[in-house]
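Peer 1: Chains G and D are the protein sequences, given in the same order.
If you read the first sequence in numbering that gives the first Met the number 0, its first letter stands for residue 0, the second for the next number, and so on.
If you read the second sequence in numbering that gives the first Met the number 0, its first letter stands for residue 0, the second for the next number, and so on.
Hints listed in this document are in silico derivations from the structure and should not be mistaken for laboratory results.
Built from N, CA and C at the ideal position, the CB exists for glycine as well.
Possibly wrong hints are sitting among the right ones.
[Said to hold, decoys possible] Reference excerpt, derived from the structure (chain D facing chain G, CB under 10 Å, subset only): (1) Gly59; (2) Asp62; (3) Pro64; (4) Thr65; (5) Phe94; (6) Phe96; (7) Pro103; (8) Pro114; (9) Asp132.
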Amino acid sequence: MPLVLRIALTHLRARTRQTLVSLLGVATGVGFSIAMAALMQGSQLDFINKIIDATPHITVKDEFRHPDEQPAARRFPDAAVAIVGAKPTEELRGIKGARRKLAILEDQPDLAVSPVLRGQVVIRYFGKDEAAAIAGIEPDRHRRVSQLAGDIREGRLDDLHAAANGLIVGDGLARKLGAKLGDTVTVSSPVGVVFKMKIVALFHTGVISLDEGEVYALLKKVQVLQDRQNVINRLYVKTGDVYGAFARARDIEARFGYLAESWDEANQDILEALQVRNVIMYTVVAAILLVAGMGIFNVVSTITFEKLRDIAILKSMGFSERDIRWIFVLQGLIAGTAGSILGWGLGFGLCRIMEGIEFKVRFATEMTQLPLYYSPWHYLIATVFAVTAAALAAFFPARRAARVDPVEIIRGAA
Amino acid sequence: MTATTHGRPLVAARGVTRILPAAVPVTLVHDIDLEVTGGEAVAVTGPSGSGKSSLLYLLGLLDRPTRGRVEVDGRDTASLSSDDLARLRLERLGFVFQFHFLLPEFSALDNLLIPMRRLARLDEDAMRARAEDLLDSLGLLSLKDKRPDQLSGGEAQRVAIARALANDPAVLLTDEPTGNLDSRNSAAVFDIFQRLARDEGRAVVVVTHDLALAARADRRVELVDGTIVSDSRQG
Ligand SMILES: Nc1ncnc2c1ncn2[C@@H]1O[C@H](COP(=O)(O)OP(=O)(O)OP(=O)(O)O)[C@@H](O)[C@H]1O
Ligand SMILES: [Mg+2]
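With the sequences and hints as input, model every part of the structure.
Peer 2: Below, the structure is given as structure tokens:
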């Protein structure tokens with residue numbers, strides 16, 4: 000064993016209790032960092048997966064990123080033009096040439112595409128009115144783009160074809176209406192068309208806004224209901240590479256001119272909130288490690304003061320300042336490393352405990368578990384931070400110890 | 000240490016003055032000229048506060064002179080870095096102080112091995128053999144596994160002497176090494192120093208206020224108020 004390491008260990012052993020406390024400080028910091036990282040990343044991935052499952056990877060809309068310029072502004076590009084009393088046209092646009100665009104996208108082997116007409120309806124059942132967004136879909140195409148088929152709890156997606164006017168509603172909406180599978184509801188659109196439609200399936204996504212506000216019917220029926228024959232105003236796209244969706248959306252938008260939004264762009268605000276949450280987590284971890292560092296500073300400082308005579312005699316024997324500094328920095332490194340290893344156990348234990356906790360989310364019917372994500376990176380990163388903090392905390396007392404003037408100590412002791 | 004070091008100047012102060020900078024500067028030693036050769040045991044005496052310890056720290060490269068220079072093996076040390084000075088202390092100098100300064104957590108043997116391992120000139124077995132020989136020559140072999148707090152004052156001081164010799168230094172610098180010992184132990188320790196000089200060719204400096212002991216040395220240097228007032232060979 001290297002000499003300075005042996006001396007460092009001997010010093011720590013002379014201060015066992017204080018060393019153990021500082022070690023526990025590091026272990027707590029590392030353990031909680033690991034547990035928190037597992038929980039944070041786990042819930043984040045869980046959340047992102049929910050978003051990815053619940054929404055199309057890319058949505059092409061019958062809208063443009065930049066609204067048309069007013070003709071007056073186009074005429075006088077350098078002038079300050081104020082437009083007063085401009086009214087939007089009543090034109091219900093839809094995606095022009097949607098079928099051809101659909102074919103173009105479907106030619107790309109890694110894309111699945113579902114043409115959709117979305118609109119608003121009011122659903123009435125025994126005097127209860129509920130507004131909902133209706134999506135007209137082609138089940139065979141839609142199945143490959145969305146999780147809808149998998150989210151259906153009662154009935155089947157294909158039952159849309161079976162009934163004359165089939166409707167799929169979320170379980171939340173059904174509960175609000177007081178309707179159940181097989182019931183017939185009245186659906187009226189803003190243009191005044193009214194259909195009697197039969198509930199052929201109920202779905203549950205876990206996202207309340209969808210479960211209470213979305214309904215599905217065949218594309219052809221919705222086009223009639225909305226009085227927009229052959230109109231398609233959304234193309235839902237699923238890509239092979241979820242995280243490449245943003246770039247892919249940009250390509251599609253450049254090609255078609257229509258707004259193409261990837262899932263991450265559409266949920267930018269939520270993803271930003273996740274980033275904020277990460278910052279909070281790192282702040283807490285930094286605070287814990289700071290406290291751990293203070294523990295180490297404390298024990299190493301105490302030892303340097305207690306060992307002034309030893310430092311003086313080691314220097315008189317020919318130990319250099321660097322040797323002395325090393326002795327005490329090593330003490331920090333030892334406490335940091337041993338504390339980290341203890342922290343791995345603590346962190347893993349905490350994860351297992353959290354994993355065992357089952358609880359019920361509001362309105363949910365089934366038990367949920369905390370989503371945890373295990374990664375060796377959590378252990379590595381926490382350790383690197385803890386050991387660095389420990390070395391840094393030990394460095395300052397170590398530097399002071401190395402600069403001790405042996406003459407002063409030896410005179411004082413005589 | 001071989002006989003070839005006999006008569007060679009191993010440590011020397013040349014016009015050394017040390018002034019502590021302060022509002023009222025303190026002169027510790029003033030214009031000291033002292034050369035100690037191999038084979039010589041020098042007793043440094045003088046009243047309390049006359050600068051004996053200060054001189055020893057300067058000769059031992061633990062302190063740097065304000066003026067003048069300290070030479071080890073005939074080489075000026077003024078331009079050396081603190082790392083270089085540490086190296087010289089490790090290889091060429093040994094200290095014994097009034098208080099033994101043994102490392103309390105280590106056994107007597109380990110206390111000897113620490114400077115040897117730092118120098119790492121020998122392999123582990125050779126270091127152990129040498130450490131045991133040194134302890135044996137001072138009648139301490141049976142105590143090698145004892146920790147300092149299990150030793151008597153005289154035993155601890157002899158272990159400290161053995162440790163000072165661990166790396167076979169050319170120069171042994173001792174400050175009141177017998178201050179805590181009774182007269183019988185003091186005489187025994189002093190005889191060891193004589194032997195280390197005469198038989199082994201080391202330069203030995205012994206600071207003491209015990210005039211009876213000083214009388215046994217080859218050479219006596221007397222300090223008053225930081226200057227040498229007499230330097231005489233005797234015996
Ligand atoms: N740090 C200091 N500040 C002020 N004065 C000091 C300091 N160190 C030493 N002195 C003074 O310098 C002088 C020389 O001190 P030194 O320790 O060398 O004397 P000494 O001969 O070894 O004395 P003693 O026999 O008591 O050990 C003394 O007067 C002492 O008080
Ligand atoms: Mg003194």
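Peer 1: A separate judgement is required for each hint: does it hold in the structure or not?
Peer 2: Here is what the structure says about each hint:
no.: 1; hint: Gly59; in the structure: 7 Å, holds
no.: 2; hint: Asp62; in the structure: 5 Å, holds
no.: 3; hint: Pro64; in the structure: 13 Å, violated
no.: 4; hint: Thr65; in the structure: 14 Å, violated
no.: 5; hint: Phe94; in the structure: 5 Å, holds
no.: 6; hint: Phe96; in the structure: 6 Å, holds
no.: 7; hint: Pro103; in the structure: 8 Å, holds
no.: 8; hint: Pro114; in the structure: 5 Å, holds
no.: 9; hint: Asp132; in the structure: 19 Å, violated
In summary, the numbered hints that this structure violates are 3, 4 and 9.
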